[in-house]
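Use these hints to put chain B onto chain A, whose structure you have.
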Amino acid sequence: MSEHRKFDFKKQHFAGEEGHLIPLLQRAQETDGYITRERIVEIHKQCGIPLAQIYGVATFYAQFRLHPIGKNLIRVCHGTACHVSGANDITKAIEDTLGVCNGETTPDRLFTIETVSCLGCCSLAPVIMINHSTHGNLTEKEVKKVLKQYQKADIGEVQ
Amino acid sequence: MKILVGLGTCGIAAGAERTYEALAKSQAAGTVPFELDKTGCIGMCYREPLVEIRSDDGSRIQYGNVSADKVEKLLSEHILQGKTIDEWLVWADDGRGSERAYFSHQTRIVLRNCGKINPESLEDYLAADGYKALRQVLDQNDPDALIASIVDSGLRGRGGAGFLTGMKWRFTRLAEGDRKFIICNADEGDPGAFMDRSVLESDPHSVLEGMVIAAFAIGANDGYIYVRAEYPKAIERLNIAVAQAEAAGFLGDDVCGKGFSFHVKLKEGAGAFVCGEETALMASIEGKRGMPRMRPPFPATKGLWDCPTSINNVETFANVPWIVLNGAQAFAAIGTANSKGTKVFAMAGKIKRGGLVEVPMGISIRDIVFDVCGGIKKDKKFKTVQMGGPSGGFIPAELQDTVIDYESINKTGAIMGSGGLVVMDDTTCMVDVTRFFLEFTQRESCGKCTFCRVGTKRMLEVLTRICDGNGREGDIELLEQLAVLTKNTSLCGLGTTAPNPVLTAIKYFRSEFEAHITNRRCPAHQCKPLLTYTILDSCVGCLLCAKVCPTKAITGELKKVHVLDQSKCTHCGECHKVCRVDAIAVY
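In order, the protein sequence lines correspond to chains A and B.
Following the working numbering, the numbering of the first sequence begins with 1 at its first residue and continues without gaps.
Following the working numbering, the numbering of the second sequence begins with 1001 at its first residue and continues without gaps.
Incorrect hints may have been included.
[As the list claims (entries may be wrong)] Calculated cross-link-like contacts (lysine-lysine; reagent style BS3-like; alpha-carbon spacing at most 30 angstroms):
#1 B/Lys1083 to A/Lys148
#2 B/Lys1025 to A/Lys145
#3 B/Lys1070 to B/Lys1083
#4 A/Lys144 to B/Lys1352
#5 A/Lys152 to A/Lys92
No lab work stands behind these hints, which were simulated from the structure alone.
So here's chain A without its partners, still in its complex pose (with noise of 0.2 angstroms):
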């Protein structure tokens, strides 16, 4: 990470309430993409958080990530739904193209690709979201389509 702006845990508005360590990762990542060992040490420092416990709740959880992602998170749904409607087609689709595995990041670090439990959308399995938008209904071809889209545009959100 090349600019490390340091947080004050402290001041942020969930310090000192009990059970604050989870939101604090997820602030952390939400800054930086990922949990930085910057971050850990920090909310050690300032929290008195044991470097351990903050690894451990950090390893156990699937939402935090140890290392950077790509521009565009892809989240490919492997609820029961995608999965009986084809999600593994749809995941191989993306890997061809994009010429990663799953919970891979691409070269350009345009892409990374990860496979989630369940978005919550069955009714329009399957389903990948992209970012923050969803795209559903989705065969092969139409995937591909998508990911020519974000490839194009080259940037974060594209409708």
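For chain B alone, coordinates are given in the frame of chain A:
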């Protein structure tokens, strides 16, 4: 004339925001006069984006699949010329519309306001009798009578286990402790379930109102809503609702000026399925790894930070204001002997009308699948429904007359669960789906107790080798043995229910497992390593399949029947997908 656009997550995914923007643009242009408003999800996810037109006399008409490009026609024909556009019509309150059956079988208590009011408007909720139940409860100022009436209503926890809500409240009320908590469990983790998301997005105030009433009943002054981080829209609307309720005095130090104090905080989950289990959920709120612990002590006596705590599901809370306003008897009049009221189901999978339905308890699975939801997609053969997600089981088509109540569902080996109902047709392989569920529970097992951690892993290994064509004699019995052991010895609900998909799949679809193991065949044609592809004489010789074959297993000349070399085939299925004349057979 008012136009409402359904802006739940499903609607937005289908393009409802663009429709809304197009309408807003036309409104700003001013050529056609109308009011524009947002609403939540009415439940017909299969026809999104949905637009409702409410006339000044109160009559309602709903149009489906109204994408942004259809806005112009909608305005010119319906609003200006006053003509109904029949081909888009899904439902009208005068009885017209193709999808009337979808609503006529439903009884809407939990979803009473969903798709009717603007979820971001407190005024809308108040106009729909909102917070009236809370005022009534505070006026009567008799928590014991309130709890008695919830017990009498027969309301059972809608999160899945089905414990009597009133009893849970009573235990928490009677527990000793100065500080008590109420928690709303909105960590809807079952894949295939989205009822809670929809309620939170479409009618967040009803859940808040239910929570305040519960807090008053048990004597809690603090509450938490634990909601999945994967539901950004629900979190956004809940935050708006909490701020509105605080400003209007329905939350805070002096609720409705009656001296009762109740504060609510939102906690975003961080993506762990096990946190749907109540003790794990509390550990997560406390900022720890979300691992469950032994019960007893139950949360009612020793919960969050060791204080008495009542944890209820979103749908349970949404029922509460209705019961207070309409009386316990009205609620108890709906349903069966031991299961009262209604249940919301998220219908998904191979079903024609996928979406959210609220049906009275006691309705049969057949009625839900065929009458309410229109049957199976492409009229294929109905094979099974999966209820209760990874903790639930399969109910085969032969048992489709099973009625929806907690005991009848349990008898089949499935569970009521939180309300995910995934419909499967004969193209679904039961071994593959069972493996899918075990993959999920194995990944989500927190690892604390050995039987869940290792048991799910071993079951997954056996299922995977069966799907890969390496099944062995005795694997079915091995699975059964592992399933029973894991079920009987795991610490929390995740482990004790994880074997349910395995047990029910073997119970009802044993022959499919045998076909995989003994004959090395997948009857549903899903397990690729078990499939054989052959080129038929109807091949027109277009070379398309030969081009896509990654291992060059297909050879041939233009306009001559091609040949597939089985020794090179990797069963990827690409040739089958591209063939335009269906000349590649799979068996």
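Here's how the hints hold up against the structure:
1. B/Lys1083 to A/Lys148: Distance of about 40 angstroms is beyond 30 angstroms: violated.
2. B/Lys1025 to A/Lys145: OK: B/Lys1025 and A/Lys145 at ~28 angstroms, within 30 angstroms.
3. B/Lys1070 to B/Lys1083: Roughly 15 angstroms separates the two Cα atoms, so the pair holds.
4. A/Lys144 to B/Lys1352: Holds, at about 26 angstroms.
5. A/Lys152 to A/Lys92: At roughly 21 angstroms apart (the allowed maximum being 30 angstroms), A/Lys92 and A/Lys152 satisfy the hint.
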